[in-house]
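Q: Sequence:
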Amino acid sequence: MFERFSSGYYLGRLYVQPGQRERAAIARAAHEQVTEQLYTDEGITRTDLPLVMKLGTTHFPVTGAESVPADTLAVPESLVEETDIRNPPTLSEVFLAKAERARQLISVAEGLPGVSTGTGTTDDPFGGPDGPTGI
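For what it's worth, our numbering labels the leading residue of the sequence shown as 9, then goes sequentially.
Treat the hints as calculated values from the structure; they're not laboratory data. Among the hints, a few may not be true.
Simulated restraints on C-beta separations [unchecked claim]:
id	residue 1	residue 2	range
1	Ser15	Asn95	27 to 37 Å
2	Ser15	Ser75	13 to 23 Å
3	Arg94	Glu44	14 to 24 Å
4	Glu44	Asn95	29 to 39 Å
5	Gln45	Arg94	24 to 34 Å
6	Arg31	Val116	26 to 36 Å
Backbone N, C-alpha and C define an ideal beta-carbon position, used for all residues, glycine too.
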């Protein structure tokens with residue numbers, strides 16, 4: 009589903025369509041499979057945490073949902089409107105942030121000082137070594 013693209017992202021192609029939820033989602037089985045295949049080398053053990061994806065210029069968290077068809081990314085309608093997708097579902101390139109990039113993006117989105125505080129300690133407001141989403 010995804011292949012290495014750069015130092016910060018994997019690249020995949022999914023059918024993008026508006027979803028009924030406020031959060032983006034892919035099929036639950038695909039979510040677990042992606043987490044296991046791509047993040048296991050990076051020390052991730054949980055498969056239920058959100059992934060961070062990029063469509064166009066927008067980054068967003070992605071969960072797993074039983075109601076989403078295979079090979080599909082269901083996103084809020086407002087996000088579809090921000091892209092060049094005019095007749096969904098449309099097969100589109102989607103970027104999946106690698107673990108370190110996801111940590112950086114979540115830190116920025118949450119308004120946190122970042123992964124490193126500059127004091128030699130990890131800044132994790134959620135108490136774990138793997139950041140707010142475990143990736």
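Q: Now look at each hint and say whether the structure bears it out.
A: These are the hints, each one checked on the structure:
1. Checked against the given bound of 27 to 37 Å, the beta carbons of Ser15 and Asn95, roughly 34 Å apart, stay inside it.
2. The given range of 13 to 23 Å is broken by Ser15 and Ser75, whose C-beta atoms sit roughly 34 Å from each other.
3. The hinted range of 14 to 24 Å is not satisfied by Arg94 and Glu44, whose Cβ atoms lie roughly 34 Å apart.
4. Separated by about 33 Å at the C-beta atoms, Glu44 and Asn95 satisfy the suggested range of 29 to 39 Å.
5. Distance hint check for Gln45 and Arg94: the Cβ-Cβ separation is about 32 Å, which falls inside the suggested range of 24 to 34 Å.
6. At roughly 18 Å, the beta-carbon separation of Arg31 and Val116 lies outside the given 26 to 36 Å, and the hint is violated.
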